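Using the hints, position chain S against chain H.
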Amino acid sequence: MNVAAQSELPLARTRPAQWAPALAAACALLILAATAEVVFDGAVGHSILIPKSPEIAGWLNGIGERLGYRVFLIAVLAFSAGYAGLIALGRSVSKRWAITLIAVLHVLVFIGPILLSTDVFSYIAYARMGVEHGLNPYTHGPIAITQDPIYHYVGHDWKKVETAYGPLYTLISYPFGLLGVNGAIWGMKVVAMLSSAGTLALTWRCARARELNPVTALLLVGANPLYVIYALGGAHNDLLMMLLMMVAVTLTFARRDASAAATVVAGALVKATVAALLPFMILARRSRKQMLGALGALVLGAAIAYVVFGVDGVNIVAALNRDAAFVSSDSFATEIAHLVGKPGVFPIDHDLLKAALVVIVLHLMWRTWRGYDWVAASGWALLAISVTSTWLLAWYILWPLPLAVISRDRRLLVATLTLQGLFIAHQLTPLFAPVS
Amino acid sequence: MSTRETPFERRLARLPARLRPRDAQQPGSGRQWRIETLVLILVGLLLTIATVNDVVLGTHVNHRLSADLRTWRAYTGHDFKNVSTEQDIYHHTTIDFVCGNTVPGPPKERVQICLELTGPVVNGRRAAHGGWYLPAKREDLRRYRYGCFGTTKAKGQCAR
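These protein sequence lines map, in sequence, to chains H and S.
Okay, so the first sequence: first residue is 0 according to numbering that gives the first Met the number 0, each after it adds one.
Okay, so the second sequence: first residue is 0 according to numbering that gives the first Met the number 0, each after it adds one.
Next comes chain H alone, as it looks inside the complex:
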């Protein structure tokens, strides 16, 4: 057997030890306790980790204490330990228990406050700009609606920034703008939860199609600490993008090439990153229907975007270029800059990172052309985007996770989880040296 094939084996089926189910249950309880701690403490109100928000989880107030760094980081570490244990013992967990655990996690986060990010308030602000104020979110930032109640909740850095999300997402979000601020937040939470449920169901289905253990696949995605606390907790639209990504993968497995390619384009019209799948899908399937499907969806999407938002709604590249210039302290690029003694990332570094990304993608495209698993290649591309990005947020490292779980190259899963571990490790500074 060649070395490449060794990494493509489905998980071996071995008889779990007798103590394994009890240990898996303990891990699940640890995950639930950590999530409950973050949600109940978050419900107390605004803190350094909880953005200012309308009181949507006030009825949970009184159970916890205001969420600070120390408790949060300990909860994330406990969650991560439980997650690692649960994955190691994945074969001891029954389908019913895995689904129950993930359902409870979803409900816990759903009933709680918006965690860790103000992005959802930006989504709502852009929606309200369109439906309540008649403004184009591709030409105006939320600062154009200072009198709107949502404005005070938009993150300080984003008040002057036009939307960088795709026109399909902006259109999907418009009806929520009519529901008032609280109604819109709950609407966004429903979208996030349903998107997550759909992503998990399709991950299960794809894992089965590839003869991988679907329970382990489900737990790897649905019980992931970054997925639950950051992505679901913040009701991020990345979950909707990931749903469309998994719909496209499922359709490709079913050999519905035109629909699959059209779905990737639809995903890119939600959040452009998912377009990274398209070249690998096309190189692997080499089907004319794919081209037609992608082209048809692109023409239709661009036409609708142009009619509704004008030329600015179509020019997503400009928004991506603007966002690519942002720098966050959590990005690996910034960390490497610090390692070599630089205070941060400079314009030349942006160019070097873009060049590195191009080389990686070209290598992956060549490998896919020569028979490498296109799902794995897509996952590597998404992972490379997050590693080379100077603006890295927790939910960006989640993009490749569902693909890593179902890919034929186990290295992708190891790499994705390692990067997530490093991201969490990088958050730990306040735990070692709190500033007071």
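In short, the hints are calculated from the structure, not lab data.
Just so it is clear, the structure is predicted and the values come from calculations on it, not from any experiment.
Straight-line alpha carbon distances no greater than 20 Å define the calculated SDA-like cross-link-like pairs of lysine to any residue that follow:
1. 51(H) / 81(S)
2. 341(H) / 92(S)
3. 80(S) / 46(H)
4. 159(H) / 140(H)
5. 136(S) / 146(S)
6. 51(H) / 156(H)
7. 341(H) / 325(H)
8. 341(H) / 48(S)
9. 80(S) / 110(S)
10. 353(H) / 43(S)
11. 353(H) / 46(S)
12. 136(S) / 102(S)
13. 341(H) / 61(S)
14. 341(H) / 60(S)
15. 159(H) / 146(H)
16. 341(H) / 55(S)
17. 107(S) / 83(S)
18. 341(H) / 47(S)
19. 341(H) / 59(S)
20. 341(H) / 51(S)
21. 51(H) / 142(H)
22. 159(H) / 320(H)
23. 288(H) / 9(S)
24. 341(H) / 46(S)
25. 94(H) / 210(H)
26. 288(H) / 6(S)
27. 353(H) / 39(S)
28. 288(H) / 11(S)
29. 341(H) / 58(S)
30. 154(S) / 128(S)
31. 353(H) / 328(H)
32. 341(H) / 54(S)
33. 80(S) / 65(H)
34. 80(S) / 104(S)
35. 51(H) / 109(H)
36. 80(S) / 429(H)
37. 107(S) / 84(S)
38. 341(H) / 93(S)
39. 94(H) / 21(H)
40. 341(H) / 45(S)
Okay, now just chain S, sitting in the frame of chain H:
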């Protein structure tokens, strides 16, 4: 090689063997796999070292900032929570400037006093060798600074 027989596939079949597309990897691609794995391990090591380095740096900075805040409170005699700290991120020095209100009130809503703190942390504090005042509701910009004292006066860090 693909078993699908579309005109496009037939055209691709005419390519040299090493350029033709395949539907699955051929056995014996272990060398490429090993090279890729080695590169991945090296990249992983680099990122791990960079992350650990950043956490250690951040820990040292936080330790220093805590000492700065304690020093500011000790010098001014005010136990205020909302005291802002600015680091010298451009020159890699450990000189920090800590500003806070001179009398109780919301952050930056009163006349502020800023201290320049330098040197190592000794007994949880650092040395203050100079500073300046800022009017209420003003950011720490040179044009707003006045009443420089100590080392900052000699360095001309105040506009007036």
